[in-house]
Amino acid sequence: MPCYRCGARQTDPVKGASPWKRGVRRESQVLICPDCQRLHDLDLDSCRTCGSTALICRLGEVECRACGAVRMARARAFAGSGAPPGLSAEVEAALNRVLGRA
Numbered sequence: 001m002p003c004y005r006c007g008a009r010q011t012d013p014v015k016g017a018s019p020w021k022r023g024v025r026r027e028s029q030v031l032i033c034p035d036c037q038r039l040h041d042l043d044l045d046s047c048r049t050c051g052s053t054a055l056i057c058r059l060g061e062v063e064c065r066a067c068g069a070v071r072m073a074r075a076r077a078f079a080g081s082g083a084p085p086g087l088s089a090e091v092e093a094a095l096n097r098v099l100g101r102a
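Here this note's numbering is used: position 64 in the sequence shown is 64, and no number is missing along the way.
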């Protein structure tokens, strides 16, 4: 997944922690490259409880890494269906992509 701001691709990390950061923008998980992290206006979603932008999004939930608050992601963030797809639908779609099925 590339940096959502500049499109830079993440390369294999050197030993240690990755300098890339995760964030949530418009209810979707995004990556932010080290160069773009220096910008002050990243336009990331923030926690409704504490205001932190240290959020992660997974399986239809948004969790704040600062205060631990968890909320459901808004339905409009999921393309097409209006609701998050079930795990079995996600697995089936991934298999179809990998196996080249229509």
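Take the hints with a grain of salt, since some may be wrong.
To be verified - When the alpha-carbon atoms are kept at most 16 Å apart in a straight line, the in silico EDC-like pairs for lysine to aspartate or glutamate are as follows:
| hint | residue 1 | residue 2 |
| --- | --- | --- |
| 1 | K21 | D45 |
| 2 | K21 | D35 |
| 3 | K21 | D41 |
| 4 | K15 | D43 |
By construction, these hints were calculated from the structure, which means they are not laboratory data.
Hint-by-hint comparison with the structure:
At most 16 Å may separate the alpha-carbon atoms for a hinted pair to count; K21 and D45 meet this at roughly 14 Å. At most 16 Å may separate the alpha-carbon atoms for a hinted pair to count; K21 and D35 meet this at roughly 11 Å. Between the alpha carbons of K21 and D41 the distance comes to roughly 15 Å, so the proposed pair stays at or under 16 Å and holds. Between the alpha carbons of K15 and D43 the distance comes to roughly 30 Å, so the proposed pair goes past 16 Å and is violated.
Consistency note: the structure conflicts with earlier hint 4 alone.
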